[in-house]
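There are 2 protein chains.
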Amino acid sequence: MTSQDADGPESVAASRRSKITPEREREFFDAVLEQIRECGYESVTMEGVAASTRCSKSTLYRQWKTKPQFVAAALRANRRVRFAGIDTGSLAEDLRQAARAAGDWSGKDTKLLQALGHAVTADHELAQALREALVHPEIAALQEMLARGVARGEVRADHPALEYIPAMMFGVLRVRPVLSGQYADADYLARFVEATVLPTLGLTQGSG
Amino acid sequence: MTSQDADGPESVAASRRSKITPEREREFFDAVLEQIRECGYESVTMEGVAASTRCSKSTLYRQWKTKPQFVAAALRANRRVRFAGIDTGSLAEDLRQAARAAGDWSGKDTKLLQALGHAVTADHELAQALREALVHPEIAALQEMLARGVARGEVRADHPALEYIPAMMFGVLRVRPVLSGQYADADYLARFVEATVLPTLGLTQGSG
DNA sequence: GCGTATCGGTACGAGGACGTATCGATGAGC
DNA sequence: GCTCATCGATACGTCCTCGTACCGATACGC
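These protein sequence lines are chains A and B, in that order.
Numbered by UniProt numbering, the letters in the first sequence go through residues 1 to 208 in order.
Numbered by UniProt numbering, the letters in the second sequence go through residues 1 to 208 in order.
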């Protein structure tokens, strides 16, 4: 929670007497994730990452055995909860803010998810890292949001739509590029939430 | 519409005096699409397709210049409208049947969409073929479904959720594997439609 | 039936990526 | 200040894939 990375004990720079500072490590991770977003997982090369960070392939292979392990480490280091801190006291407003927050990282994370979507079927560690980094935290945060709304009595606990709200929110994020060729920005998501999520939950104006 | 394929004049077997029958051509197309689903676009090799269909690489390259063009041809030949023929006279029932229909091909088409999702950013022809084959027909059929409902007065023409229904339906298809590790089957989709789509449109029991 | 184009099989060259090994230089630890 | 592990750079071997070229065999058009 400090301004430094709280990567944990498995961080490369912390585990060995490496000359790679945490900042340097983050450069590697940022570079590989960016290249994955742009070129896809298969097309990313260790040589390319090394070149873009002006390090050598040896350095990368010294720290991480293989390319999937390297990418998995980058994903785990990139773990963040974008919905964290959203707690306005109103479920409808929480969902609106979540939509706007999601819109801001929509492009980056959607690209990552898309680019890794098929690679994860071959590498289990990669799949787990992806879920830990991009999927589970957001789902959990969203479900907490909903749970708070239920606790406040804004939505009945047995509302049949409750379990589908994450699928709605993340589904539209994921499918927008396919349907209309552009990523779901904050405005689009906000309109989507207003037009579908809130009415489904019965949170239209007057009841939320 | 006959029992034979109505591929159109651009079909390989029709355009030249080729020994490749339409059935043989379809074997090639089925093989490459299946390999794409299983291994991803990047990992599919012309050699693999040739081996699995017991033809030679030369044969494939004689008919299609490059791998992307081959895949694009396979996609176009695979074009079908899964929602075709659904017209029960009730929008709610149409959507229920659409959900069940979608569940049946959910795995195959979702895999294909996922596997090709990043390749299309590099090859425009591939992107267009994918949209023509998998995206546009289904969207159009769904929108006709909705338009019929509007024409029958079941939903107001300016209902704010109307434009998001395709995103909801296809979004959940696309995101389910990421969220819960399994494809959206007919039952799941049916429950999703019941719990979210129909209430959003105001088509709960009594008004539909 | 004959000619010919296409078939399937295979060998080939080019290019690229993974992962390893080697080498001088540099910076941390004592 | 000395030692030594790690750094960056590069070359290398291996493997794979694309796309082409060549081969005898086969089946279609006439």
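Calculated directly from the structure, the hints in this document are not laboratory data.
Accuracy of the hints is not assured; some may be wrong.
[Stated by the list, open to error] Straight-line alpha carbon distances no greater than 30 angstroms define the calculated DSBU-like cross-link-like pairs of lysine-lysine that follow:
#, chain 1, residue 1, chain 2, residue 2
1, A, Lys108, B, Lys57
2, B, Lys19, A, Lys67
3, B, Lys67, A, Lys67
4, A, Lys108, B, Lys65
5, A, Lys108, A, Lys65
Predicted model, so just to flag it, every value in this text is computed and none were measured.
Going straight from one Cα to the other, do A:Lys108 and B:Lys57 come out at no more than 30 angstroms?
Roughly 38 angstroms separates the two Cα atoms, so the pair is violated.
Does B:Lys67 pair with A:Lys67 here, judged by a C-alpha cut-off of 30 angstroms?
holds (26 angstroms)
Restraint check for B:Lys19 with A:Lys67, where alpha carbons must lie at most 30 angstroms apart
This hinted pair is violated, its Cα atoms lying about 44 angstroms apart.
Could you grab the alpha-carbon distance between A:Lys108 and B:Lys65 and see if it respects the 30 angstroms cut-off?
violated (34 angstroms)
Sort out whether A:Lys65 lies within 30 angstroms of A:Lys108, counting only the CA atoms.
Roughly 26 angstroms separates the two Cα atoms, so the pair holds.
Checked against the numbered hints given earlier, this structure breaks hints 1, 2, 4; the rest are met.
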